[in-house]
Amino acid sequence: MAQTGPEGQPTDAMLVAAVLRGDRGAFDGLVERYQRPANSLAWRLLGNADDAQEVVQEAFLRAYRSLGRLDVPEHFRAWLMRIVANGALNFRRGRALRRTLRLEPAGEDDENAPQHADPRADSPAEMAAAGELSERIEWALQRLSDRERQALVLFSLEGLAQKEVAAMLGISVEAVKWHVFQARKKLKDLLAEWL
Amino acid sequence: MKPHDDIEFQLSQLLDGQLSVREAQALRRRMEQEPALAEQFRQYQALQGELGALGPAELPVDLAFQRESIQAALERESLMAPERPAWSARLARWSALGAAAAAAVVLVVLGLQWLQGPPAPSAELAGAMVEPAPHANGTLEAGLVVPARARAGELVAAFRPATLAQSAPAGMPSALAGGPDVVGTVVVSVGAPRPTPTNGMGFWLMDLR
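Sequences listed follow chains A and B, in order.
Sequential numbering of the first sequence, starting at 647, is according to the working numbering.
Sequential numbering of the second sequence, starting at 21, is according to the working numbering.
Check the hints yourself; a few may be wrong.
Derived DEER-like restraints, expressed as beta-carbon distance ranges [what the hints assert, rightly or not]: (1) A:Gly714 to B:Ala93: 16 to 22 Å; (2) A:Gly671 to B:Arg50: 38 to 44 Å; (3) A:Arg739 to B:Arg62: 33 to 39 Å; (4) B:Pro80 to A:Glu678: 16 to 22 Å; (5) B:Arg42 to A:Gln655: 46 to 52 Å; (6) B:Ala58 to A:Glu778: 23 to 29 Å; (7) A:Asn736 to B:Gln53: 26 to 32 Å; (8) B:Ala58 to A:Val718: 40 to 46 Å; (9) B:Ala93 to A:Gly740: 17 to 23 Å; (10) A:Trp840 to B:Arg96: 43 to 49 Å.
Please keep in mind that the hints were generated in silico from the structure rather than gathered at the bench.
By construction, the Cβ of each residue, glycine as well, lies at the ideal position given by its N, Cα and C atoms.
Generate coordinates for the entire structure from the input sequences, incorporating the hints supplied.
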């Protein structure tokens, strides 16, 4: 059995096993390895970097508490990303509820409202000036409705099955297909010049 | 759905391999005859390729600070607390045993009330709990009760009353009607918000299986 992964790094399974043996440093290693994609996923689902950080912190704490129930340690990343996604979606639902109860003012990230929360660019002109297509895609993603972005991010970027996305979002599989299509169509139009 | 949307929706479905062989062949034939449609499909393919290759977004997040915050939160929850002195561990163990035994008494009494069956073997149960024999890891097998730590501030008492374990009667709450090994569990939260009474039995039941 291999003792380390590529480039001599311990595999996820090794780190998980070490954490379960009580090695706190091993959990630091998992956090360091996955906090960037976790923040990215939460931000893409929430459209707000501060909220995303809060969700990610809670997700790692949940992961730590539940680590003993992870059946396949090699799948730590996928498992963690589901915790992050569920946390982000619950966070958004909680915020919507707080707004319904008028505990929070309505903001620009209301359900189905286009997002303008990209921390790096605010206008198409700025994005056009940016060189990387990936940055243009990030900009365009934030112009989708919540449902479209959530469905597309979970299905096309995170690779979850449509059935699982449907369960996470509380909608039907057909609705997931439709939102993914609408998201693709909008992105195709927004990025037509670069595709 | 507009006709224009309909054909584009099919392109999206084709991209995901969700059309039937027949539908896919028909759509590909149509693309051969309609270059504009073929171009749209090419754009969807290109977009999907870019999305699939998209790495994590670059965010203004202080990753080191975030790691420290996570560690600090774990410390606060005592999930990563350093080894306590032996006397402290013993005190915590016996506190846990006391709380678990109390929970077990409540459960057994309520379980027996629920059954309204023949007189319960109370002497056997009480005797087992009066003289618990804790294991080195802090768990207790006091005859029919197995308490264990769940997470910070909580104890879980799994209960297995002999009279219930044999055959769960009809109408018993699902948390009580478990398998032969563990009939049910109760979570005792120390300092946490008061659990909501469920099952009409006045305490919180949680099935951990």
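Consistency of the hints with the structure:
1. Range check, Gly714 of chain A to Ala93 of chain B: about 19 Å between beta-carbon atoms, so the 16 to 22 Å window is met.
2. At roughly 59 Å, the beta carbons of Gly671 of chain A and Arg50 of chain B sit outside the given window of 38 to 44 Å.
3. Distance hint check: the CB atoms of Arg739 of chain A and Arg62 of chain B are about 38 Å apart, consistent with the given range 33 to 39 Å.
4. Hint check: Pro80 of chain B to Glu678 of chain A, Cβ distance near 18 Å, so the stated range 16 to 22 Å holds.
5. The hinted range of 46 to 52 Å is satisfied by Arg42 of chain B and Gln655 of chain A, whose Cβ atoms lie roughly 48 Å apart.
6. One distance hint, 23 to 29 Å for the beta-carbon pair Ala58 of chain B and Glu778 of chain A, holds here, with the actual separation near 28 Å.
7. The hinted range of 26 to 32 Å is not satisfied by Asn736 of chain A and Gln53 of chain B, whose Cβ atoms lie roughly 48 Å apart.
8. Between Ala58 of chain B and Val718 of chain A the CB atoms are about 42 Å apart, so this pair conforms to the stated range of 40 to 46 Å.
9. At about 19 Å, the beta-carbon gap between Ala93 of chain B and Gly740 of chain A stays in the expected band of 17 to 23 Å.
10. Here the CB-CB span from Trp840 of chain A to Arg96 of chain B is close to 47 Å, well matched to the stated 43 to 49 Å.
Hints 2, 7 from the earlier list are contradicted by this structure; the remaining hints agree with it.
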